[in-house]
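S.K.: Sequence:
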Amino acid sequence: MSSDIKQLCKTLRLAYIAEAYESIPFESQEQYLTDLLKREIQLREEAKCERLIKKAQFLNKKTLEEYHWGEQIHFPPQIDAKELCELHFIDNHENVILTGSPGTGKTHLATGLGRRACQKGYEVRFYRVSELVNTLEKMWREGKLTQFQNRFKKVDMIILDEMGYIPFSKEGAELLFQLISDWYEQKSLLITSNLEFSQWNRIFLDARLTAALVDRVIHHAHILSFTGDSYRVTHALSRQS
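Start counting the sequence shown at 1; every next residue gets the next number (full-length UniProt numbering).
Fair warning: there could be bad hints in the mix.
To be verified - Below are the DSSO-like pairs computed for lysine-lysine, each with C-alpha atoms no more than 30 Å apart in a straight line:
no. : residue 1 : residue 2
1   : Lys38     : Lys10
2   : Lys154    : Lys187
3   : Lys62     : Lys10
4   : Lys62     : Lys38
5   : Lys154    : Lys170
6   : Lys187    : Lys55
7   : Lys61     : Lys138
8   : Lys138    : Lys54
9   : Lys82     : Lys54
10  : Lys154    : Lys144
11  : Lys120    : Lys62
12  : Lys120    : Lys82
What the hints assert, rightly or not - Using C-beta positions, here's what the derived DEER-type ranges look like:
no. : residue 1 : residue 2 : range
13  : Gln147    : Gln186    : 12 to 22 Å
14  : Pro76     : Glu185    : 11 to 21 Å
15  : Gln186    : Asn60     : 38 to 48 Å
16  : His219    : Leu59     : 23 to 33 Å
17  : Glu86     : Gln147    : 26 to 36 Å
Simulated from the structure, these hints should not be mistaken for laboratory data. Built from N, CA and C at the ideal position, the CB exists for glycine as well.
With the hints as extra help, turn the sequences into a complete structure.
M.R.: Okay, here's the thing in structure tokens:
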């Protein structure tokens with residue numbers, strides 16, 4: 001490869017042409033240049049997607065393509081699976097709430113939607129709620145809470161997984177409430193929970209704070225309920241039979 005070509009591509013900020021130009025078949029000048037530029041764009045988009053997925057910090061690599069859409073999911077009237085996967089709720093700053101028993105596919109669906117969002121160029125963050133609250137408490141004690149909140153300025157969607165598995169301290173509940181209030185009508189939240197909203201006071205303890213939080217979360221929200229047996233338990237039993 002010519003060092004001149006490499007330097008010219010660097011000057012023009014064409015990160016991939018120098019590596020791709022020899023692999024593009026030549027039929028005509030116009031076709032070759034068009035295909036070469038398309039390859040540059042394709043590789044840029046793939047690299048951007050990889051960066052966004054890495055920044056999101058998903059806990060697994062599960063995708064929507066692997067997801068089994070079964071009778072366990074009950075959709076509200078205003079949305080179905082196709083509309084959900086098109087991610088219009090992100091542009092509208094709407095929330096998606098997945099509630100139901102453990103093991104029914106909520107985290108898989110949330111992760112799949114998060115990965116699809118990254119593929120479309122959205123900034124996503126994934127948190128187990130208990131770990132997020134621990135981080136908030138740590139940042140507050142160290143005087144870095146504002147700095148932590150600023151990390152979300154350019155984020156489009158935040159996935160809060162497993163809301164309700166572990167009760168919070170009063171301080172932790174208030175910090176999470178403050179953060180979600182900051183995101184209200186500015187970001188799209190995707191929350192998974194094994195508890196109905198009426199039971200959220202078990203984790204937030206303060207009835208007034210719980211009511212205010214639920215009010216913000218369900219406003220502009222699509223609530224999907226999951227029923228049935230745990231996939232993990234069913235799979236384990238089937239292997240034993």
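S.K.: Next, verify each hint and record whether it holds.
M.R.: Hints, verified against the model:
no.	hint	verdict
1	Lys38 <-> Lys10	holds, 18 Å
2	Lys154 <-> Lys187	holds, 9 Å
3	Lys62 <-> Lys10	violated, 36 Å
4	Lys62 <-> Lys38	holds, 29 Å
5	Lys154 <-> Lys170	holds, 29 Å
6	Lys187 <-> Lys55	holds, 17 Å
7	Lys61 <-> Lys138	holds, 28 Å
8	Lys138 <-> Lys54	holds, 23 Å
9	Lys82 <-> Lys54	holds, 26 Å
10	Lys154 <-> Lys144	holds, 18 Å
11	Lys120 <-> Lys62	holds, 17 Å
12	Lys120 <-> Lys82	holds, 16 Å
13	Gln147 <-> Gln186: 12 to 22 Å	holds, 18 Å
14	Pro76 <-> Glu185: 11 to 21 Å	holds, 19 Å
15	Gln186 <-> Asn60: 38 to 48 Å	violated, 28 Å
16	His219 <-> Leu59: 23 to 33 Å	holds, 28 Å
17	Glu86 <-> Gln147: 26 to 36 Å	holds, 35 Å
Going down the numbered hints, you'll see the structure goes against 3 and 15, while the others check out.
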